[in-house]
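Novice: Read off the chains here:
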Amino acid sequence: MSPELVFQQALNGLSFGALLFILAAGLSLVFGMMDVVNLAHGAFYMLGAYVALSVVQRTGSFWLAMVVAPLALAALGLVLEPLLLRRLRGRHLDQVLLTIGVSLVVVDQIGVVWGREVRSLAAPAGLDGSVALYGGDYPLYRLFVIGFGVALAALLSYVYSRTKVGMRIRAGVEDAEMLGALGVDTDRLFALTFAAGAALAGLAGVVAAPVFGLQPGMDLDALLYSLVVVVVGGLGTLGGAVAGSVLVGPADTFGKVVFQEFALAVIFAIVALVLLLKPTGLLGRIRIAR
Amino acid sequence: MTRALRFGLVAIAVAALITFPYWSAGWESSRFATTVLRDVLVFAIFALSLDLLIGRAGMPSLGHAAFFGAGAYAAGIASQRLGTDQLPITMGAAILVATALALIIGALVVRSEGIFFLMLTLALAQIVFAIAFQWTSVTGGSNGLSGVGRPVIGGLDLTAADRMYVLVAVVFIAVALLLSRIVGSPYGRALVGVRENERRMRALGYDTTRLRLSAFVLAGAIAGVAGALSAYSLRFVSAQDVGIATSVRGFVMVLIGGAGSLFGPVLGAAVVMYIERVLSSAIPVAETVLGLVFVAFVLLARQGIVGVGLAAWARVRR
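For the protein sequence lines, the chains are A and B, in the order given.
At position 23 of the first sequence the residue is numbered 23 (the numbering used here), and the sequence of numbers has no breaks.
At position 23 of the second sequence the residue is numbered 23 (the numbering used here), and the sequence of numbers has no breaks.
Calculated directly from the structure, the hints in this document are not laboratory data.
Among the clues, some could well be false.
Here are the simulated distance ranges between beta carbons [stated by the list, open to error]:
1) B:Ala282 x A:Leu5: 48 to 58 Å
2) B:Gly309 x A:Ser61: 52 to 62 Å
3) A:Ala132 x B:Ser281: 50 to 60 Å
4) B:Ala282 x A:Met178: 49 to 59 Å
5) A:Ala171 x B:Ala311: 34 to 44 Å
A virtual CB, placed ideally from N, CA and C, is assigned to each residue, including glycine.
Excised from the complex, chain A in its bound form (with noise of 0.2 Å):
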């Protein structure tokens, strides 16, 4: 590999890493909360990308499917918790049973909505050119994504750190019980955290439909990473979703280039050393295996 080559793989293995670190910090952040890994995660973002699909082409605007997309995968979130989670609170196996259901029900209503095919989304304008960087142009929505995924994961750790609501997102992973105990309303803190959940994996469908456009299967593909991202980098953390996305981007990318057809086998072996080595992940502090 040319050392130009290292560049623009590095940088698309960054730009990669960033759309994971979008998406797995809602499946993990549902996870702290409520102990329930969301296997509807992969169809949320699918959806999110569809939505902002239709917004575009309504309106023409990214950026407000950038807002529209979130707010009704929260919607549907909002909707889904009470509905169908809490029912089954404190059955976590059951519950991850359930949105095994409704993953099936969302993408084939994708699919009747907005058909089968496989669309494109355009970077927004202004994005959808590229610029002259060591080794030659590179699309600047990709930079774009890269600094979006930092700010993301700046914003949402001060949110952790200094806030009301992130004292009581860090308590309730901690402990949900206890902090219902003292006297917060754990229904609405769950229902939110899932609309939470659900409003990043929808956010992570707009800002990665420029790059890798809308079609069947990618609701398997997103929840397929991000579930390797949480389990390489850690359960239940924000450091363990940056650690996780900034680890498997980056080896996926150049596993394609090097090893082909067999990239995939890259990410089988990191999962495997992790769990026989690290059952913890690199960042976290659930055991997933003794």
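Following the hints, position chain B against chain A.
Specialist: Positioned in the frame of chain A, the structure of chain B alone reads:
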């Protein structure tokens, strides 16, 4: 019911199942029914193997399609590359590959439980799917593997639809018998013990990790058999056979029918195949129906159809 009567009834049911294409030959829809029943039985084998994990050992695998798909690809590729359709060879290849893959994945996941087990089996199996999907030179990638031959045993050609059906039915009966023996054996009891209280089982001297791994590999091997039968039946292997859709389908079958019973997964396979095969030609949103049915069962009837039926029966008898 006496033992002899019960045995007689089961024997009649088994014989009726195996000979279905012949006694139904007069029906107008006999051919269609034979095809659907064949596919139900293939998935019943798959669901039974998955239930050994979900219902008995308490290992909720969401990656079981990896072994189904591995078996299907192995049988298909063996038949094409080796130029033989001898059942022992292609089926042997399917079992070998599925078992090896189950050993690798199993070694990584058996130390996890519950949600984590589910999450890891899903992720690792989905990686296997992605590799199969992209390894076009061997698996055919998104086009799938077409032209898989129907098997022959020695000089006996099983190409005809009725013979293919009989093969599937016989294997189904054999797997059901095997699993019912396993479930009742000390080994099967030990698996349930691990599910119920692993620490106690370890204190009693059982190597619980090994027990769990052996169940995972056994279930994977049987899923490989189901995959091979699917490849023969459809003469085609699709990348979807390895994918999460198939894993979810198996999970839904076990849960709807009733986990931890022999009859439940089989019934679940029939219900799901009905929704997908028969209903999907009538309405375009079969997946939505499947999802809603699944949500309803998890919310309202977690024990599945068999569990609900048994509870109702117990109430009637009291």
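Novice: Can you give the numbers of the hints that this structure goes against, from lowest to highest?
Specialist: Of the numbered hints, all hold.
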